[in-house]
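Each chain sits in its own coordinate frame; assemble them with the hints.
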Amino acid sequence: MDFRKYLVLAGVTVFAAAGDSMLSHGMKQTGSISVHHLRGVIFAVLNPWVAVGILLLLAFFAAYMTALSWADLTYVLPATSLGYVLLALVARFVLHEHVSPLRWLGIVLITGGVGFVAGGPSLTEHHAALPHAEHTEDGNDPLAVATAKTPLLAKDTRNGAPHVRVTGRL
Amino acid sequence: MKAVYTWSAILAIVFASVVGDVLLARAMKQVGDVGALWRRAGLGIVIGRTLGNPNFLFGVTAMAVAFFSLLFALSWGDVSLVAPAAASLTFIGNAVAARIFLHEKVDRRRWIAVSLVAAGVALLAG
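Chains C and F, in that order, are what the protein sequence lines are. FYI, in this note's numbering the residues of the first sequence are 1 to 170. FYI, in this note's numbering the residues of the second sequence are 1 to 126.
Same shape as in the complex, but just chain F (with noise of 0.2 angstroms):
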């Protein structure tokens, strides 16, 4: 019963940390390139812009999900299992929500790159 409550808190840390990925991925390209608007407008308008903008705090409220959830999943399980079972399987979700969602090109030699660090995290954090 224990493995299914770690299993339950193990994808909320990843589905809400995907949300929060894609959102603030989404956010930072409405505000645009950083560096760019930092020079024609100040820090100031790069600070304000990405806080005032609905997915920049959306995605942080995510964020913040994760994380609680990730307390969660520590309490019932074994950090090595929640750890690596987590952050691999959030590169595999990222990959597919950024595909649908963000609209981006996740081609062969990404697949690849994305399976080879998700495999790798996987046997480093375990």
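If we strip away everything but chain C, and leave its shape as in the complex, we get (with noise of 0.2 angstroms):
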């Protein structure tokens, strides 16, 4: 896990929070929409705040895809879930919202979950022990292939063997 890495991470989180209270401060001012009315939808996307809004969460999903081609799913979900306590903190620090007790607790929870999964690899072993999987052209991991044929191998790296390598092409 370099730097640039942690900045994605970062993106995830802030891109998801920031969108949705972007969208959900724009749909406020256009007024509820229903099938009735498709006009509507029209309208809601010329708000300056939901199309800024949409932008973020396509900024978002393009960090969050990102991400999860070199994280596992397990780790970048708990890790992401700080954008929660992010939307929470900027409730009552930037709107003056009122946080319950309750809030608070849930807010504690979820900043002690990140820290347990952060302290953590990012990417389960049978991936990380072949740094050169991401060199394959046709986009399989070969180490699924070996590991498939060799469940002794698979044992191995997943208990964390560190020098496990296929060599070469399979």
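Calculated from the structure, these hints are not laboratory results. Just so it is clear, the structure is predicted and the values come from calculations on it, not from any experiment. Cβ coordinates follow ideal geometry from the N, Cα and C atoms, glycine included. Hints may be right or wrong, so weigh each one.
Unchecked claim - Residues of chain F clear of chain C, computed beta-carbon distances all greater than 10 angstroms:
1. V4
2. Y5
3. A62
Unchecked claim - Among chain F residues calculated to face chain C with C-beta under 10 angstroms, some are:
4. R26
5. A27
6. K29
7. F56
8. A97
9. L102
10. D107
11. R109
12. A113
13. S115
14. G120
15. L124
16. A125
Rendered as structure tokens:
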């Protein structure tokens, strides 16, 4: 995990939180839309808050896909859940909304969970043991093929044997 | 009876988002490290390979199903029940599915993290 990867994870967190709050703010200005008033959807998109919100959510999706390309799903999801905390803090200190004690407890629990997952490895070893996996042109993970053929290798790499390498293409 | 509808819709959201997340995660593992691929082959290749990946397309479809299930759930139940229930159950479901289908090593550290986050989200979104 280098600095750039932490930046992508921060991007997932911030873009999701900022996009959601801008959409929410914009939709409250445009009023409720329904299937009977589909023109309302077009006016909603013309609202600058909604438009910027959609752009931010697209940025979130790109950052989320990038993170999933080099980290486990069970790492990315808890690590980026700080967005919920961010939203609550914005509600309290920017919008001056009331945050109940139960919600503060929620903030503490999420922050603790993020601390737990961030202290561990970001990728299960059977991928990490093969850094050149990304160089395969066909997009298949060669180690996945190897481990399917030799279960013992899979067990070793999963247990974290650091230097198990499959040399060459399979 | 309305509670049955609401909970069915919540379960539909959770199921569809877990399927979507697992498929998207698998798709991006197949595409490979996006940063490295971008430097080597350019952004066009990254986008083309991602959009051309069947798992990615099915994943996005599942996410769309989850979104419409959310709309249904919100029309039957309160947002203060639907949002936290769906979000925290999705965290738990993803941990189980990632272990089974993506063979991720969900050790005790990750279980604790997922449980804490799921509980925290339930409190925050409620």
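Interface hint status, K29(F) versus chain C (Cβ within 10 angstroms): holds, 7 angstroms
Restraint satisfaction for R26(F) [CB to CB of chain C, less than 10 angstroms]: holds, 9 angstroms
Hint validity - G120(F) Cβ closer than 10 angstroms to any chain C Cβ: It holds, given that the least Cβ distance between G120(F) and chain C is near 3 angstroms, below 10 angstroms.
Outside-interface status for Y5(F) - nearest CB in chain C farther than 10 angstroms: holds, 19 angstroms
Separation of V4(F) from chain C, once the least beta-carbon distance is taken, above 10 angstroms: holds, 24 angstroms
Evaluation of the interface hint that places L102(F) against chain C, nearest CB under 10 angstroms: holds, 6 angstroms
Status of A62(F), Cβ more than 10 angstroms from any chain C Cβ: A62(F) clear of chain C: closest Cβ-Cβ about 14 angstroms, beyond 10 angstroms.
Residue hint D107(F), partner chain C, criterion CB-CB below 10 angstroms: holds, 7 angstroms
Chain C contact restraint for A125(F) - C-beta distance below 10 angstroms: Holds. Min distance 7 angstroms.
Supplied contact hint for R109(F), tested at 10 angstroms Cβ to chain C: This hint holds: R109(F) lies near chain C, its Cβ roughly 5 angstroms from the closest one there, short of 10 angstroms.
Hint status (Cβ of S115(F) to nearest Cβ of chain C, threshold 10 angstroms): holds, 7 angstroms
Status of the F56(F) interface restraint (C-beta, 10 angstroms, chain C): Result: holds, 8 angstroms to nearest chain C Cβ.
In this structure, none of the earlier numbered hints is contradicted; all agree with it.
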